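*Asks:* Could you build all of it, start to finish, from the sequences and the hints given here?
Residue numbers (my numbering), protein chains in the order written: chain A, 1 to 276; chain B, 1 to 81.
Be aware that one or more of the hints could be misleading.
Claimed, not checked - Beyond 10 Å from chain A on every Cβ pair, some chain B residues (computed):
id, residue
1, Q4
2, L5
3, K24
4, L26
5, S37
6, L42
7, R78
8, T79
What the hints assert, rightly or not - Heads up, simulated SDA-like pairs for lysine to any residue below, C-alpha to C-alpha not over 20 Å straight-line:
id, chain 1, residue 1, chain 2, residue 2
9, A, K271, B, A71
10, A, K271, B, F68
11, A, K195, A, L206
12, A, K271, B, T76
13, A, K2, B, I18
No lab work stands behind these hints, which were simulated from the structure alone.
This structure is a prediction, so every number in the text was calculated from the model and none was measured.
From the three backbone atoms N, C-alpha and C, an ideal C-beta is built for every residue, glycine too.
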Amino acid sequence: MKILGLIIAVLTGTLLIYTTSDFPSWGDPSSPASTHLSPHYIEKTLEETSVPNIVTAVLADYRGYDTMFETTVIFGAGVACFFLLRVPRRKEPVERLYRHTLTGMTLRIKDLDEVPENLDEFERIDTLWAPYDLIIKTVCRLLIPFIQLFALYVIAHGHHSPGGGFQGGVILGASFILLAVSYDLRTAKERLREKLGGILCAVGVLIYAGTGALCLLLGLNFLDYSALASILHVDPITARSHGILIVEIGVGLAVMATMIWIYDNISSEGKYEEGL
Amino acid sequence: MTWQLDIPILTLVVVCAIGAITVKDLLGSAILFGAYSFMMCLLWAIMGAVDVAFTEASVGAGVSTVFFVAAVFRTTRRTKD
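*Replies:* Written as structure tokens, this is what we have:
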């Protein structure tokens with residue numbers, strides 16, 4: 001079976017490499033792609049949408065329908081992970097570990113009925129990974145605000161520089177994952193609850209699709225942002241630029257929440273008790 | 001195209017890809033896949049596709065490696081075949 005798979009892979013690879021000889025050479029100005037459509041985007045993007053970054057304009061405006069379903073695919077991946085992994089009924093672990101914060105002593109509590117609710121000098125720690133890392137915790141706590149600021153910059157500045165909703169959303173989600181890795185899953189979940197994450201996921205997709213539907217209601221095509229000019233009180237060209245920003249925020253929200261959702265489900269086996 | 005940069009990076013891409021599917025240790029495989037993504041990100045950047053390179057660096061080399069490590073942590077580290 002393994003040899004059969006290898007033969008199929010090699011044959012397909014050879015066929016693919018053979019067909020690349022028919023491709024126009026890299027960066028060829030006379031290839032079909034760069035003679036009909038690309039010149040229009042390169043010459044007209046700035047005057048039609050007032051967005052200097054052509055990639056962002058093509059991604060969120062000219063090919064907005066495609067990007068909307070990319071966001072939906074990411075949302076679907078998060079929902080699939082949730083349905084496959086999440087354990088609906090919460091099962092308490094057999095025993096818990098607590099650390100006395102002043103002396104560093106570790107307590108193992110087996111009878112969970114006698115755990116008091118308010119423990120000022122104790123903190124709960126994971127049963128699998130218990131060392132106390134002051135350096136890692138401090139460095140991550142210092143870094144996370146700057147990572148999140150950079151992510152917001154990437155989302156908001158996608159018109160002028162590389163970046164946009166997808167990249168910014170992933171970086172924003174990665175900052176929450178870093179918090180979950182450096183502290184523990186419970187600390188990260190206190191900042192962003194599971195239910196709120198799931199709602200944000202859907203809200204992101206809703207912002208994108210809702211903007212498109214709003215354009216439809218205002219009398220133009222689906223996702224034709226120049227229809228928003230009457231609401232935003234700007235001219236239609238600036239409205240297209242603002243419309244791109246609105247959908248990028250939607251994409252960023254959906255991607256951020258989905259990344260955190262997938263990570264939480266994988267790292268805690270769907271129990272949301274103890275993470276990586 | 002700057003072939004002096006392309007040839008070493010392309011070689012590393014192939015080495016990382018073959019390494020990622022042959023290594024028995026799944027954690028090592030995840031790290032090699034992250035290295036593969038980073039090399040691809042460098043290739044996109046050389047070809048001028050900065051947006052694609054940015055996405056590859058954040059999604060491919062960043063978050064997906066974390067997902068793989070989390071999955072290895074919750075399952076088994078050695079592959080069965």
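*Asks:* Hint by hint, say whether it matches the structure.
*Replies:* Structure-based check of all given hints:
no.	hint	result
1	Q4	holds (16 Å)
2	L5	holds (14 Å)
3	K24	holds (14 Å)
4	L26	holds (14 Å)
5	S37	holds (13 Å)
6	L42	holds (15 Å)
7	R78	holds (18 Å)
8	T79	holds (13 Å)
9	K271(A) to A71(B)	holds (14 Å)
10	K271(A) to F68(B)	holds (18 Å)
11	K195(A) to L206(A)	holds (17 Å)
12	K271(A) to T76(B)	holds (18 Å)
13	K2(A) to I18(B)	holds (15 Å)
Taken one by one, the earlier hints all hold for this structure without exception.
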